[in-house]
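Novice: Going down the list, the sequences are from chains A and B. Take the first sequence: its letters are residues 1 to 340, numbered as in UniProt numbering. Take the second sequence: its letters are residues 1 to 332, numbered as in UniProt numbering.
The hints are simulated quantities; they were obtained by calculation from the structure and are not laboratory data. Incorrect hints may have been included.
EDC-like mimics (lysine to aspartate or glutamate), calculated; alpha carbons at most 20 Å apart, straight line [stated by the list, open to error]:
| id | chain 1 | residue 1 | chain 2 | residue 2 |
| --- | --- | --- | --- | --- |
| 1 | A | Lys199 | B | Glu264 |
| 2 | A | Lys11 | A | Asp305 |
| 3 | B | Lys275 | A | Asp138 |
| 4 | A | Lys268 | B | Glu40 |
| 5 | A | Lys268 | B | Glu199 |
| 6 | A | Lys268 | B | Asp223 |
| 7 | A | Lys246 | B | Glu270 |
| 8 | A | Lys199 | B | Glu270 |
| 9 | B | Lys275 | A | Asp305 |
| 10 | B | Lys275 | B | Asp299 |
| 11 | A | Lys199 | A | Asp241 |
| 12 | A | Lys268 | B | Asp240 |
| 13 | B | Lys275 | A | Glu196 |
| 14 | A | Lys268 | B | Asp214 |
| 15 | A | Lys268 | B | Glu202 |
All figures in this text were calculated on a predicted structure; none of them were measured in a lab.
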Amino acid sequence: MENILEIKDLKISFDTFSGEVQAVRGVNLTLKKGETLAIVGESGSGKSVTSKAVMKLIPQPPGKYKSGEILFEGKDLIKYSERDMHKIRGSEISMIFQDPMTALNPTMTIGAQIAEGLRKHQKMNKQEANERVVKLLDLVGIPNPEARLKQYPHQFSGGMRQRVVIAIALACNPKILIADEPTTALDVTIQAQILELMKDLQDKMSTSIILITHDLGVVANMAQRVAVMYGGRIVETGSVDEIFYKPKHPYTWGLLSSMPKLHNNSEKLLAIPGTPPDLSNPPKGCPFAPRCPYAMKACVDMMPDYTNLSDTHQTACWLLDDRAPKVEPPETIGVGGTKS
Amino acid sequence: MTAMEDKLLEVRNLKRYFKVSHNDVLKAVDDVSFDIYKGETLGLVGESGCGKSTTGRTIIRLYDATDGKVLFNGEDVHGKKSKKELKKFNRKMQMIFQDPYASLNPRMTVKDIIAEGIDIHDLAKSNKERNEKVYRLLETVGLNKEHANRYPHEFSGGQRQRIGIARALAVDPEFIIADEPISALDVSIQAQVVNLLQELQEKRGLTYLFIAHDLSMVKHISDRVGVMYLGHMVELAKSDELYDHALHPYTQALLSAIPVADPEIERSRERIILKGDVPSPINPPSGCRFRTRCPHAMDICAQVAPKWQEAREGHWVACHLYDDEYKSGLNK
Numbered sequence: 001m002e003n004i005l006e007i008k009d010l011k012i013s014f015d016t017f018s019g020e021v022q023a024v025r026g027v028n029l030t031l032k033k034g035e036t037l038a039i040v041g042e043s044g045s046g047k048s049v050t051s052k053a054v055m056k057l058i059p060q061p062p063g064k065y066k067s068g069e070i071l072f073e074g075k076d077l078i079k080y081s082e083r084d085m086h087k088i089r090g091s092e093i094s095m096i097f098q099d100p101m102t103a104l105n106p107t108m109t110i111g112a113q114i115a116e117g118l119r120k121h122q123k124m125n126k127q128e129a130n131e132r133v134v135k136l137l138d139l140v141g142i143p144n145p146e147a148r149l150k151q152y153p154h155q156f157s158g159g160m161r162q163r164v165v166i167a168i169a170l171a172c173n174p175k176i177l178i179a180d181e182p183t184t185a186l187d188v189t190i191q192a193q194i195l196e197l198m199k200d201l202q203d204k205m206s207t208s209i210i211l212i213t214h215d216l217g218v219v220a221n222m223a224q225r226v227a228v229m230y231g232g233r234i235v236e237t238g239s240v241d242e243i244f245y246k247p248k249h250p251y252t253w254g255l256l257s258s259m260p261k262l263h264n265n266s267e268k269l270l271a272i273p274g275t276p277p278d279l280s281n282p283p284k285g286c287p288f289a290p291r292c293p294y295a296m297k298a299c300v301d302m303m304p305d306y307t308n309l310s311d312t313h314q315t316a317c318w319l320l321d322d323r324a325p326k327v328e329p330p331e332t333i334g335v336g337g338t339k340s
Numbered sequence: 001m002t003a004m005e006d007k008l009l010e011v012r013n014l015k016r017y018f019k020v021s022h023n024d025v026l027k028a029v030d031d032v033s034f035d036i037y038k039g040e041t042l043g044l045v046g047e048s049g050c051g052k053s054t055t056g057r058t059i060i061r062l063y064d065a066t067d068g069k070v071l072f073n074g075e076d077v078h079g080k081k082s083k084k085e086l087k088k089f090n091r092k093m094q095m096i097f098q099d100p101y102a103s104l105n106p107r108m109t110v111k112d113i114i115a116e117g118i119d120i121h122d123l124a125k126s127n128k129e130r131n132e133k134v135y136r137l138l139e140t141v142g143l144n145k146e147h148a149n150r151y152p153h154e155f156s157g158g159q160r161q162r163i164g165i166a167r168a169l170a171v172d173p174e175f176i177i178a179d180e181p182i183s184a185l186d187v188s189i190q191a192q193v194v195n196l197l198q199e200l201q202e203k204r205g206l207t208y209l210f211i212a213h214d215l216s217m218v219k220h221i222s223d224r225v226g227v228m229y230l231g232h233m234v235e236l237a238k239s240d241e242l243y244d245h246a247l248h249p250y251t252q253a254l255l256s257a258i259p260v261a262d263p264e265i266e267r268s269r270e271r272i273i274l275k276g277d278v279p280s281p282i283n284p285p286s287g288c289r290f291r292t293r294c295p296h297a298m299d300i301c302a303q304v305a306p307k308w309q310e311a312r313e314g315h316w317v318a319c320h321l322y323d324d325e326y327k328s329g330l331n332k
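Isolated chain B, as found in the complex (with noise of 0.2 Å):
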């Protein structure tokens, strides 16, 4: 990762609160900052309810920003807006999403719905022009044109996220928010729709922020990959670097706990086992979110809340461990 290269996306201390009663925030995303870079696909990974959904969401501003900042190619996305400007953004930036089977209207034929965002940005000048683009579109994602005029429930998971991709596709955007698009299609399937995935990247340039919680998946398709705890993110680095030299506690346990489908791997490992469940976001641990949990928790992980900063090049983590001045402070 060199500095030359664009960025595409900067998300800049990105906070997302919900209020859930009178007195309690749900701090979903706090303090969030990282970037993409053109042509990447980084891959943000968590356990439920750290926040990765959230933030994707927040970037496409399907929610509002409590705070922070989102750039992209060097403007904000959020802040007042006229119709004209959102439109700009939403042309650049689409999302598939998880469930293939709800996020498809089912009074809408495949065709409606691809072309609703070829309507709404006044892409085609005719109906036949219409037609064409949609059926341009769904041989791109493996379909074909005899599937144009049909409905959502006739199709399976697969290729109704089939349909969601083209959807996405039909604005020629530059970026796209895939959350967990594979999560409720069976293995077969969801190799297919990650090699989907990958050609159109490679045809199209596309970018992607690809959110899931199947780290094998996510490092597959990752160029780097960010780690989430509880609204945080705690570590962020390139696919290969995090999975060999995992540095945040928390990123070693999640590894550790992914069974390997291999037996002779599996009956040899030792595993890192958490004691415990996520701490509730409303009322998180003083400090680094993690401690309760965490195997190393030290007193200064109470009081102080660690660091994002660049431990090896690249490769960013959010813990007291890797703290210079923590660590000379031990020394002494």
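Excised from the complex, chain A in its bound form (with noise of 0.2 Å):
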């Protein structure tokens, strides 16, 4: 499958009154036509940054594009002007995001929300877009469009906002949709209707989605590749099977074990001591390493490089070295709830 979305080694800062923040510290990820990559990893781990980035979202300043590539079918769009950008967001390149209750403007109606995108990008009239704005209504999943066109945000409960927000964001068929965090705020029988109609859609549209959350459940529903992202690094990247299954970093084991089974009853979780790092004074060598239990010298020393560990499967990890002791990931990471 072709690449539609090239990153190469980007790196994002922002300037505090602190001092510079480096939030993303040399990201590379691609995604493919069609397929779902799941960012994961924690608050202040630069996912939703990359994202951000991705769209040219980041404010500036404070924000700045140190280095890297944003290659979309080939067009590096850190070179675009924030004029060429406009005709990229919202046709070509899509957002969702996480708070349905504040990414929505009070004083439009939803219909006219989701016609604004229609309008300026395939230049239709009103009638036009009014019957598309129907239609997308009637595709995410809300009873009686002609009449809720006609409504505002306040009237609608905060799972259907969700889904006029996807209706925006589908609006233009955009190639690559980013979903960040698109469930967080909403109840879990919520969310399970949001997820299955972006599958859905996906299906129907072959749309390319980076989807951002923390909640690995949603990962192994959704996701057919995954990127650990952690204090501004990817550390670990590979399909969702080699993620869940054969993790190599020490951050991916701690992330799974930390995650209780519903299945199986054990009888301690396995937490992560210690906080992230700070990225206004990021460490020198891996970022994880004062709070990885695996931690050698070289660790704190020196960043470590990617490992191919099979044609989708990098860790960055010194364990992987050589000269490394061989360490076996702790049974507590006994995936989500197989062996009851």
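Fit chain to chain and form the complex, with the hints in mind.
Specialist: Right, dumping it as structure tokens:
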């Protein structure tokens, strides 16, 4: 499959009063046509900044693209002017935000908000746009669309608003959909509805999705490939099976172990001690070294390189070096709930 | 769960209504009854707006009950009380809040935050004793005494939640209500806090009411779990029993909606996906409140509210599907 998006050595910093915060420190990513790539990590790991960078939504200043390329169909978006980006946003690449309560304009009817992109990008007239809006609302499962499009966001529930946000994002048939924690603000039963809807729409429209989340359950449900971020870097990337069944990075082990399993009873959760690194003064070596139970001297001093474990599976960890002691992953990762 | 075990807390027909406008009353908690035994953790789950937090807050008397009773060691928590009597309850019951950023006073040092309860209840005779108590509490929750003179903004979310826990422990309570104590934290930090809560329970014989919407975490920490929907308790059972043999269609849907962190299971799983949203609690559906979204809804569900009954040993449910009268009526 061809790559629709390639991110090469992306570095993004923010100037703050306490100095430069290096939010993203050399990220490499590819997104293939029609696939779902999940980016997982804790708050402050740089996952949202990476995704916003693709849309060029990083405010400059205080943000700064220090280096790297974002190749969308071979063209570098970093070199694009704001004006050129207007043509990309919403039509080629669009975004679903976390909080449907704040992502919508409270003073516009939802019909007008969905039609906005259609009128601008596809130069539709009012009537054409309205017809398409009705179709879109129907597609995302909002009953009685003709009447609903004249209503305002406050007249919708949280789950319905997220459906409206999805309808806006999909209005112009984008090639890439970036979903930044699309279900975090929703209840589980509504989350199940929205995830089902996103998968269904992906089948119909063959959109590529970048899914940002911290919920490994959602990842297992949606993604084909996973990138695990920590301290502004990708520490492990692989197919969903490789990450869940053959993880190699101690941080991925920690993430998998700290999730309670629904189908078996372990006495204690394995917590990762400590807190994430301060990116205004990032560690010289592996960002996870201070919290890693297997950390060696090399980990503190030098940043590990990526080791290719398969065509799709790369891990940045000194444990995979020939000279390092062999370490078996802890049993507690005992995935998800297979063994009951 | 044997009858021999001591009940620490009995909640009987608890109601808490809010007047939202001239004519409308929001019934946040409507006729909920359950017991909490000494030394156990009772989990309370449900979606936003189901009344789980209001239940917790009414138990500790942050809200006055509209009707019903809360008995703590056999004594009613609500009703007219002198300041002295209230103080007695406040010492035994403490609460840990959801948002560690909003629940600590930013203008007080950590020492004063933790010692506030000690001061109110006169638990320290001298300043030295007060300090020692605070230091010991900080160590108990995994912080150290250097932290005592700092302010809340200098701490991360997980550390702040530890301060909140230390504050709750300061007065040696028997019972702690934890209202979504980990929802605002990152996954790896959540596990730290949950492990701390469990350790403290073992060491001090605490009883918890653990309120959360994350069912897998609730299952992990709780002995028994109650499921709430629109102000009603719909099911209550031991946590294994509830997860293995959920009876109420809402519990079944809730369990099936949780994504499991295992790609193979996710690929093969059949989901029960509920249609629609939770109805407004100001004007809830007649009969069973879940019937508008229930895949098994029958005529009777719209007419009669289902009874709260023991369907299996220690497993309570409110659903017409498990009504003996109705079932036998069907068979005739």
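Novice: Confirm or reject each hint.
Specialist: Hints versus structure:
1. A:Lys199 - B:Glu264: Roughly 17 Å separates the two Cα atoms, so the pair holds.
2. A:Lys11 - A:Asp305: holds, 17 Å
3. B:Lys275 - A:Asp138: holds, 15 Å
4. A:Lys268 - B:Glu40: Within the cut-off at roughly 16 Å; holds.
5. A:Lys268 - B:Glu199: Distance ~10 Å between A:Lys268 and B:Glu199 Cα, so the pair holds.
6. A:Lys268 - B:Asp223: holds, 14 Å
7. A:Lys246 - B:Glu270: Distance of about 25 Å is beyond 20 Å: violated.
8. A:Lys199 - B:Glu270: This hinted pair holds, its Cα atoms lying about 15 Å apart.
9. B:Lys275 - A:Asp305: Violated, at about 48 Å.
10. B:Lys275 - B:Asp299: Judged against 20 Å, a Cα distance of about 18 Å means the pair holds.
11. A:Lys199 - A:Asp241: It holds: about 18 Å lies between the C-alpha atoms, which stays within 20 Å.
12. A:Lys268 - B:Asp240: holds, 16 Å
13. B:Lys275 - A:Glu196: holds, 12 Å
14. A:Lys268 - B:Asp214: The hint holds at about 17 Å.
15. A:Lys268 - B:Glu202: holds, 13 Å
Violated hints for the displayed structure, listed by number in ascending order: 7 and 9.
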